[in-house]
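Following the hints, complete the assembly by docking chain B onto the known chain A.
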Amino acid sequence: MFHWLEKNPFFFSVGVFLVIAFAGLIEILPNFAEASRPVVGLKPYSVLELAGKNIYMKDQCIACHSQLIRPFKAETDRYGQYSLSGEYAYDRPFLWGSKRTGPDLHRVGNYRTTDWHENHMWEPTSVVPGSIMPAYKHMFTNVADIATAYAEAVTVKNIFKTPYGDEIQPGVEAFEAHKPAILAEAQKIAAGMKNQDVKDAVKAGNVPEIVALIAYLNRLK
Amino acid sequence: MQSNAALEYDYSVAKLFTYTAILFGFVGMLIGTLIAAQLAFPELNYLLGEYGTFSRLRPLHTNVVIYGFTLSGVWATFYYSAQRVLKVSMAESKFIMFLGKFHFGLYLVAAVAMVLTLLMGITTSKEYAQMEWPLDIIIVVIWVTWGLAMFALIGIRREKALYISMWYFIACFLGVAMLYLFNNMEVPTYFASGGVGSMMHSVSMYAGTNDALVQWWWGHNAVAFVFTVPIVAMIYYFLPKESGQAVYSYKLSLLSFWGLMFVYLWAGSHHLLWSTVPDWMQTMGSIFSVVLILPSWGSAINMLLTMKGEWNQLTENPLIKFMVLASTFYMLSTLEGPIQAIKSVNAIAHFTDWIPGHVHDGVLGWVAFMIMAALFHMAPRMFKREIYSKKLIEAQFWLQTTAVVLYFTSMWIAGITQGMMWRAVDEYGNLMYSFIDTVTVLHPYYAIRALSGVLFLTGFLMFAYNMVKTMTSSRKLEEEPQFSSPMA
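As given, the protein sequences belong to chains A and B, one line each in that order.
The opening position of the first sequence corresponds to residue 293 in the working numbering, with each subsequent residue numbered one higher.
The opening position of the second sequence corresponds to residue 572 in the working numbering, with each subsequent residue numbered one higher.
Chain A extracted, bound-state conformation (with noise of 0.2 Å):
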């Protein structure tokens, strides 16, 4: 039989990919059918934490840093609950990440400030004496996406059937509506820092991506 396939290029190819993709029809399929549920009361991204996701993604911060709470002691210890299924339900991407550089993040929401993240963000090791992160100061300048994120907020809704409100609709003129609703929240967030020029943007009504990241981070819990 092998003598035949090897010189029937065609029934070859054929063979190989039935071999290949019998692991897939086996273990992947079944799956998909079955969608990740969101647990009981998560509620979707707002769409500053969505921008903020965005700079996760952007600078990736998933090259040293997991959202994924293994079920070991030792580390509910060290970062809280292990992590469940249902609370991804609204990732896309999934950013469980697969290298701890740096710590875990999953639930950082829980045990760090705005403020801590303002200071470690600017110079890591002024709160983490022996850090080997890089400062990541231009996010104190760049400005966030908002439109972007928006725009993502608008697709999955509308798309995965993410249970956002009326106020996320199609179009331009829409995201405008939308807007001040976005920069009250990054307001507060302002609120919090003590960059005066951080703020200053935030009141003129451009998002820095530090305030977007943060309202990102405060959201992970």
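Incorrect hints may have been included.
BS3-like, lysine-lysine: derived pairs with alpha carbons at most 27 Å apart [what the hints assert, rightly or not]:
id: 1; chain 1: B; residue 1: 812; chain 2: B; residue 2: 955
id: 2; chain 1: B; residue 1: 812; chain 2: B; residue 2: 822
id: 3; chain 1: A; residue 1: 429; chain 2: A; residue 2: 486
id: 4; chain 1: B; residue 1: 658; chain 2: A; residue 2: 299
id: 5; chain 1: B; residue 1: 892; chain 2: B; residue 2: 822
id: 6; chain 1: B; residue 1: 665; chain 2: A; residue 2: 299
id: 7; chain 1: B; residue 1: 586; chain 2: B; residue 2: 658
id: 8; chain 1: B; residue 1: 879; chain 2: B; residue 2: 962
id: 9; chain 1: B; residue 1: 914; chain 2: A; residue 2: 365
id: 10; chain 1: B; residue 1: 812; chain 2: B; residue 2: 658
id: 11; chain 1: B; residue 1: 665; chain 2: B; residue 2: 731
id: 12; chain 1: B; residue 1: 731; chain 2: A; residue 2: 299
id: 13; chain 1: B; residue 1: 586; chain 2: B; residue 2: 1047
id: 14; chain 1: B; residue 1: 822; chain 2: A; residue 2: 299
id: 15; chain 1: A; residue 1: 391; chain 2: B; residue 2: 914
id: 16; chain 1: A; residue 1: 480; chain 2: A; residue 2: 449
id: 17; chain 1: A; residue 1: 513; chain 2: A; residue 2: 480
id: 18; chain 1: A; residue 1: 299; chain 2: B; residue 2: 812
id: 19; chain 1: B; residue 1: 961; chain 2: B; residue 2: 586
id: 20; chain 1: B; residue 1: 955; chain 2: B; residue 2: 1047
id: 21; chain 1: A; residue 1: 471; chain 2: A; residue 2: 513
Source of the hints: derived by calculation from the structure; they are not laboratory data.
Just chain B now, with coordinates in the frame of chain A:
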């Protein structure tokens, strides 16, 4: 039987991919060395402003070495060896020549776009699938073009039976195609929101645990079908060619090929042990990872036994040395992987530096060694000149071998130290170390790893120099060498 002499093979596409393999190899390893050094000396994070932090550069390193260096190497060797094992020249068909050149041109465009977008922070954040949706579409076109070129060559072949290397190239094509399409299903937000925000952003079709499963089904099998399958294709072609020995066992190659194809895909979920994916999938991933030792070692042993009775070549021919060490590192890596996939070991190893340690004994010791040896073998045949310097290859071999050993030993120690410290408790059951203690303790190992990066990169520069000299100023060859590659 067709005689070899009647065929003039056309290497123009193979040469183009050889150049990019050298270029991207250098760039990717340079970034790798830099980010390794950043972990030991954090002040190195500020060389390029916001574009130079570890976090921004790490995906650039992985993507450039995987899709830049490795794929260039794969395609250089494919466009070289496929003609030879199929006994047909690219020059016989204008269509195939066009496909080959189009393949390369589009690949170069995509590679440059990949580097730029990742530097700018435009990413989907899914490991080894970071490129955003417009690039994904270009990649699909590239992949289909390669497939067309391959099957067109197969279509006009003179040698009816496909040689083992071709099995693996076909598998590489099919496997990556299937997995890549599934994992990169994403919705561009600009078009789904009535034109708000950036054109480049997308969201994954899958959420949370589902996304994780699809991602690591892909992530693990990017290792399978980019770092293993086409590299096995190379060693099955180049080791017998360079040594003049026939492959030891046809049956063993059958067993390891079909075994590898069947088993590899199951193992993806071993990246998600102790996570929130269903338990039975984790167990399947774990079990099949251990089973995976068989087909992996099957190929490696087949290659080592091919050298039976000819071990003297190991002292005489540095290319044989590279290839034999490559298959040895393949064995090490494919034993280490399954060990890490055992649930209790994984509890310590996961999230630590043991994982990059494992990756690098595979990619440096196996993938990079094999690609460099293959390109060295091809050079005298493509450029009709002898290899510029044997001494330089010898020096490169020992330098890089030292580098690989330093890399994985330091990361073994670092990983296990970290894994143990994370879970250490005092006599009252309280955690003994704060997280930062487990970071600062790793400094010496990070420094050793950075040094190993410098050594490997230096070796790669020696390789690049040797190749360039071979192409330009080495002694000309009258006729094509039969087996062992001539070198000065």
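Structure-based check of all given hints:
Distance hint between residue 812 of chain B and residue 955 of chain B is fulfilled; the C-alpha atoms sit about 17 Å from each other, no more than 27 Å. With a C-alpha separation of about 20 Å, the suggested pairing of residue 812 of chain B with residue 822 of chain B holds against the 27 Å cut-off. Restraint check for residue 429 of chain A and residue 486 of chain A: the C-alpha separation of about 14 Å stays at or below 27 Å, so the hint holds. At most 27 Å may separate the alpha-carbon atoms for a hinted pair to count; residue 658 of chain B and residue 299 of chain A meet this at roughly 14 Å.
Distance restraint check for residue 892 of chain B and residue 822 of chain B: the Cα-Cα separation of roughly 25 Å lies within the 27 Å cut-off, and the hinted pair is therefore satisfied. Among the hinted pairs, residue 665 of chain B with residue 299 of chain A is consistent with the structure: their alpha-carbon atoms are about 25 Å apart, no more than 27 Å. Our distance criterion of 27 Å between C-alpha atoms is met by residue 586 of chain B and residue 658 of chain B, whose separation comes to about 19 Å. About 26 Å separates the Cα atoms of residue 879 of chain B and residue 962 of chain B, which keeps this hinted pair within 27 Å; it holds.
Restraint check: the Cα-Cα separation between residue 914 of chain B and residue 365 of chain A comes to about 16 Å, which is no more than 27 Å; the hinted pair holds. Pair hint residue 812 of chain B plus residue 658 of chain B holds up; C-alpha atoms about 15 Å apart against a cutoff of 27 Å. With a CA separation close to 22 Å, the supplied pair residue 665 of chain B and residue 731 of chain B stays within the 27 Å bound. Between residue 731 of chain B and residue 299 of chain A the CA atoms are separated by roughly 6 Å; this keeps the pair inside 27 Å, and the hint holds.
Proposed proximity of residue 586 of chain B and residue 1047 of chain B is supported: the alpha carbons are some 17 Å apart, at most 27 Å. The suggested pairing of residue 822 of chain B with residue 299 of chain A holds, with an alpha-carbon distance near 17 Å, which does not exceed 27 Å. A C-alpha spacing of about 17 Å is found between residue 391 of chain A and residue 914 of chain B, which places the hinted pair at or below 27 Å, so the restraint holds. Simply put, residue 480 of chain A and residue 449 of chain A have alpha-carbon atoms about 25 Å apart, close enough for the 27 Å limit, and the pair holds.
Note on residue 513 of chain A and residue 480 of chain A: the hinted pairing holds, with a Cα-Cα distance of about 18 Å set against a maximum of 27 Å. Distance check on the hinted pair: residue 299 of chain A and residue 812 of chain B sit about 22 Å apart at the alpha-carbon level, within 27 Å; holds. Between residue 961 of chain B and residue 586 of chain B, the direct Cα distance comes to roughly 21 Å. Compliance with the 27 Å bound is thereby established for this hinted pair. Pair hint residue 955 of chain B plus residue 1047 of chain B holds up; C-alpha atoms about 6 Å apart against a cutoff of 27 Å.
Pair hint residue 471 of chain A plus residue 513 of chain A holds up; C-alpha atoms about 25 Å apart against a cutoff of 27 Å.
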